[in-house]
Each structure stands twice: as structure tokens, then as C-alpha cells.
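Trainee: Each chain, letter by letter, is given below.
There are 2 protein chains.
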Amino acid sequence: MSRPERPKQMLALTADETMLQLTATRVAGEAFDAPIVVANARHTDMIEEQLAAVGAKPQALILEPIGRNTAPAIALAALVARDPEAPLLVMPSDHVIEDVDAFRAAIAAALPVVQDGWMVTFGIAPDAPEIGYGYIKVGEPIADGVHRVDRFVEKPPLADAEAMLADGGYAWNGGIFLFRADAYLDALAQYEPVMLDAVRRSLAEGERVGTHVRPAAKPFAEAPNESIDYAVMEKASRVAVVPVTMGWNDVGSWDALHAISAADAGGNAIRGDVIALDTTNCLARTDGARIAMVGVSNLIVVASGNDILILPRGRSQEVKKLLEAMKD
Amino acid sequence: MSRPERPKQMLALTADETMLQLTATRVAGEAFDAPIVVANARHTDMIEEQLAAVGAKPQALILEPIGRNTAPAIALAALVARDPEAPLLVMPSDHVIEDVDAFRAAIAAALPVVQDGWMVTFGIAPDAPEIGYGYIKVGEPIADGVHRVDRFVEKPPLADAEAMLADGGYAWNGGIFLFRADAYLDALAQYEPVMLDAVRRSLAEGERVGTHVRPAAKPFAEAPNESIDYAVMEKASRVAVVPVTMGWNDVGSWDALHAISAADAGGNAIRGDVIALDTTNCLARTDGARIAMVGVSNLIVVASGNDILILPRGRSQEVKKLLEAMKD
Chain A
1294 MSRPERPKQM
1304 LALTADETML
1314 QLTATRVAGE
1324 AFDAPIVVAN
1334 ARHTDMIEEQ
1344 LAAVGAKPQA
1354 LILEPIGRNT
1364 APAIALAALV
1374 ARDPEAPLLV
1384 MPSDHVIEDV
1394 DAFRAAIAAA
1404 LPVVQDGWMV
1414 TFGIAPDAPE
1424 IGYGYIKVGE
1434 PIADGVHRVD
1444 RFVEKPPLAD
1454 AEAMLADGGY
1464 AWNGGIFLFR
1474 ADAYLDALAQ
1484 YEPVMLDAVR
1494 RSLAEGERVG
1504 THVRPAAKPF
1514 AEAPNESIDY
1524 AVMEKASRVA
1534 VVPVTMGWND
1544 VGSWDALHAI
1554 SAADAGGNAI
1564 RGDVIALDTT
1574 NCLARTDGAR
1584 IAMVGVSNLI
1594 VVASGNDILI
1604 LPRGRSQEVK
1614 KLLEAMKD
Chain B
1294 MSRPERPKQM
1304 LALTADETML
1314 QLTATRVAGE
1324 AFDAPIVVAN
1334 ARHTDMIEEQ
1344 LAAVGAKPQA
1354 LILEPIGRNT
1364 APAIALAALV
1374 ARDPEAPLLV
1384 MPSDHVIEDV
1394 DAFRAAIAAA
1404 LPVVQDGWMV
1414 TFGIAPDAPE
1424 IGYGYIKVGE
1434 PIADGVHRVD
1444 RFVEKPPLAD
1454 AEAMLADGGY
1464 AWNGGIFLFR
1474 ADAYLDALAQ
1484 YEPVMLDAVR
1494 RSLAEGERVG
1504 THVRPAAKPF
1514 AEAPNESIDY
1524 AVMEKASRVA
1534 VVPVTMGWND
1544 VGSWDALHAI
1554 SAADAGGNAI
1564 RGDVIALDTT
1574 NCLARTDGAR
1584 IAMVGVSNLI
1594 VVASGNDILI
1604 LPRGRSQEVK
1614 KLLEAMKD
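Protein chains in written order, with this note's numbering: chain A, 1294 to 1621; chain B, 1294 to 1621.
What the hints contain is simulated information worked out from the structure, not anything from laboratory work.
Any given hint might turn out to be false.
[To be verified] Quick list of simulated restraints, FRET-style, between CB atoms:
1. A/R1583 with B/V1347: 29 to 39 Å
2. B/G1565 with A/G1545: 29 to 39 Å
3. B/V1347 with A/G1581: 50 to 60 Å
4. B/M1619 with A/K1528: 42 to 52 Å
5. A/R1299 with B/G1598: 49 to 59 Å
6. B/G1462 with A/E1617: 30 to 40 Å
7. A/E1617 with B/D1460: 50 to 60 Å
[Stated by the list, open to error] Once the Cα atoms are required to be at most 20 Å apart in a straight line, the calculated EDC-like pairs of lysine to aspartate or glutamate come out as:
8. B/K1613 with A/D1571
9. B/K1614 with A/D1571
10. B/K1620 with A/E1617
11. B/K1614 with A/D1338
12. A/K1613 with B/D1566
13. B/K1430 with B/D1392
14. B/K1620 with A/D1566
15. A/K1614 with B/E1455
16. B/K1613 with A/D1600
17. A/K1613 with B/D1571
[Stated by the list, open to error] Example chain A residues on the side facing chain B (calculated, C-beta under 7 Å, incomplete):
18. V1544
19. V1567
20. A1582
21. R1583
22. M1586
23. V1587
24. V1589
25. L1602
26. L1604
27. R1608
28. E1611
29. L1615
30. M1619
Keep in mind it's a predicted model, so treat the numbers as computed, not measured.
C-beta atoms are modelled at their ideal positions from N, C-alpha and C, and glycine is treated no differently.
Let the hints inform the model, and build the full structure from the sequences given.
Mentor: As C-alpha cells, then:
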């Protein structure tokens, strides 16, 4: 279902709203200003429609001419922010957070140190030895609920993941951050001056029409293609983590989606035009075609456009293998 | 896949040709004249296209205004046949016969008694206690390979089917017949005079343009809605059976189709745009959508138009239950 022209965050996979809509409204009504959205320029219309449908009015919609990973994208937002001293809450738009109250409490815990100049990442309490996430070793406490980051651990092999889960002193790096815009820009100036310069020039040479900000492609392409973790968080000294249990899920596979989806009495998580008889523990999704299932269990069935995907639960990581076979 | 506007016989389920095409060409090149086709008038164009594509030129295409079961349909053909004394080989167009040589040998065995006025049915050697077919008790031999029909048995309960299979003296009634046109019409005159009269009038009041024969609807509707078995075969006295093993299959379910389909090394019978990885003993059919399967076994997956059907092998009889649920 997720395709370049309509990526995961623009699909209503987990609720009636798309994940972009859920993200844009997650902290609405709090002390936060209107959102700054950074996105691929090709998705402009879809983003505006989806945000308008939930009453979210971005103060800026920054339209990247090409993707250069998260560090330059966040630099764009930090430079466009109205108040350089204001804390920026940086959220990927393709994650699910079920317990928003817990998330808000974590934000409240982080704010004092953030206003003091710390950069905060939210550490997801791990419940499995996932090898698809980066980990954070939680260090000494520096405020109520806030700890210094001892170190970042790249996506680990399974044995290391199991050891960290058993240790208990680690959290997943969920990719959600809180820091002042100027703190981030200062860190970039120190560790990635070429990137900061490229992003600054892309805005200076770009154009702004209403809320639409269009960085110039040539200078933006000169920014190194780096994640915020690699470019800044792993290098800076005043980096803190707020561990939090909040029903976080990056919906990285159909199995992950099944795990967080509401199920019927038979354990089936169904959305769309689906008839299931004598069927248990299946995930069925369709955006058009009618699916009829009889007497099957533990299957993932997805129909999208002209494509139908069928695989057993527990094997949805193999979709990538399938896509490669389809290209062949 | 089978729908009123495009029934099973007009689908290429078992080969590159549709079952209508396979039937029309099955005895081509033998001593048989060009076929007489009896069909629903709504399928006229599709039938002509399919027959033309395999070079089959019917001597008559009889277009029923409504369906009145097989006895009146065959009466139309018998009345339209050029030579009333010629043997008619009556074949449903939605059956598969894999061993055409065996079928031809059975026809050759039957011809002498047929020319002598007997009505012959071909008895399929049963290989399972099927409850979906009628059975024939094979009687005394009357010629080489030809036996008198002792009696017809309606679709039996399982215990009876098992007993007949164990007995060995029974054959399935495959619905394929050989008799002279006049023998059939004589039997109708004796057992179903109202039917014969109605069919005669439908032709007299109907029209014929080229090969297209259009019986008049009003008299044809007066013909009783009866099968040839009930109207004639079970009543007439000179009825014979030629038992034959010829890879006959009425493709009555997706399981039946899987059983007769060529399979790959993994036991998968696949037709259409299907990618199957680590998949075994599955049937996958699509007339448009692209199916991708990973790590599944013993599934039937069918995509047709806007519909997708998924069920385990061995349960394809439950498609009817599913259709009822879909109507609800």
C-alpha cells in the first residue's frame, strides 16, 4: 500500500485518520504553536488536503526539492521557526503513539532542560529484542524523568539486542526529539557547518509564497545526506533522554500493524470491503477490491490498487524480498 | 470467476483455450459434421468469437430465449439437425476430458448400437465417493464395451456413494450422450409430448438467419424445465452405457481445478500475473490483478475483476456459503 507517490504517513492504516493527520493533531491544544511541516514537494497537495481535513493549519509547509535525510530537513524547520528560542517538537509523521497522555507528560518533563539548552530524545521502553531500531544507553538522571544519554547504539545484532533488553538500562531511539531551534542550529554550526551553510543558502535562494517554503534545489543538494542522530545527537554533549512507555509503534511491517489494530472476536483486524467466514487471527486490508476469505487463519491479506499480497503472520519482513523478486 | 454474463465454459480455466473451445474442437477431424451449439442468447457474441478463434464453424447456433434445462435444449438440436438419422454426440461445454483417445474409442464402441436405435450415455469410472454426481448401475453387456443401463441413481448420500464405489459396478453419469436425433425425438414423443410440441412450435414460430436459430420465447417457455436424464434416459428402455476412463472432470470446484491443473515443482497451479515465493501446493488464478504470495501452503487464491477469494484447499465447496453471505 505504501508507495513513493503515497507513503505510509499518508495512509489511514491505524485509524480513520492518516498517520500524518494523527501526528499533526497529537499535541494540538497544548502550548505548541501551529506546526511546521517538512515534506517532499511532490506530496504538497495531498498534505494540504489531509491537514485541512482535520483543521490543522501549518505555519509553514517546507517543500524539499529532494530528500537529504533528517538532519537537513530539521535544519530547514529550525531556520524557518518564528522564534529561534522556541522549543521544537520533532515528530516523524509515520509513527503511532497510543498513550498521548504519557507522551505529553514526557514532554512536560523534558521542557525545563530543553529551555536550558539541552537536546532531548524520547526513549521508548523496549518490550522485545528488536534489531530494527537504534538503542540508547540511559545515563545518570539530570532532572525528574530526564537522564543524560550515556551513548547511542546502532541497530544491533540479535544477541546484543537481547542483552540490552535483559540489562534494562536501554531504550529504543524512537526518532522523536525536543530542543530549542537555536540549540540545534548551534550544534549544526559546530559539527556540520557545511550542512548548515547549504541549508541556509537553500532558503535564501529559494522562495516563500504564503505558507509554502521552497528551498532552492542546488544548494540544498549540497547538504550532506545525514540523519540527525549521526550528524548531531551522537556528537553533542548536552543530550538527554526521557524514557517513556506510550504505545509507540513505527508501523514498520504488517505484523506491527496487526499488533496495534483493534481485532474482532476471532482476532481478525479488518479494514475495507472484506467478508471473513470461519477466519481467525488474520489481518485484511483493502483500498478497493472486495476480499472474501473462508476458513483461513494467521494470514496477512492486503489488496491495494492492482496488487494483492498474501503471507502468513510473522513473515511480513519478507515483503522486501518479494518486492525485489517483483522487480526481477 | 464464473458469472451469469460469462459462465464457466467461456473461461480459460484448464488450458489456454476456454472449455467451450476445447469442447468444440474435441472431435474435430473425426467423422462428425460441424457442431450444433445450443446456448443462452445473451452469450451469442462471445460464443461466435470463441468458436471463430479456434476455427470451429457451427452449422447452427441455437439461441435460447430462456433456459429450460437440458431436455428441451437437446430437442432443439435434434430438430435442427440436417439428418434425423445421424447420431448426435451431446457434450456439455464445461467439462474437461484429458484422454481424448479414450473418449474416441468409447464413441467408436457405442456407434453400432446407436445406429441401431439405442441411446448411449458415457459412464465415468469413479475414483472417489462423490456425492455431487448421479450414478449409473452398469448392466449386462450388449456389445463390445457397451452395457445395458440397469438403473440411474440420483446424487447419493455419502454412505451410498461409498458402497457404490466399493461395489465396482457403478459409473458416474457424466452427462455426455450419443444417440440418433430421431431416437431422441421418438422417446420425447413417448414420454414428454408436451415438451416436444412446445419445442417444435418454438422453432416454427421463431426465426433463422444464416446459422442463427432463434426459437420463439412464448412456446419455448411452455416446455417443462427438465433434464434429459429425468425426461428421457431414466424412462426409455433401450438405454446403454459405455464405461470409460478418460480424465473426465466437470471442474465443479476450485479443488477440482487444482486436481487437474499442471503444477510446478512446488505443487502450485498458477495462471496469470502471480509471484509465489516459498509457496507450495497452492492454486492461484487472476484475470487482472497481480498476486504476490510468500510462505503460504495449500491455499486457493482467485482474483477476478474487483473480487478476491481466499480459502484453503479442500474447502472450495464452501464458495456457495460465501456467496450467500455476500448477498446478505
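Trainee: List in ascending order the numbers of the hints, as given earlier, that are violated by the structure.
Mentor: Result: hints 3, 4, 5, 6, 10, 11, 13, 15, 16, 18, 19 break, sorted rising.
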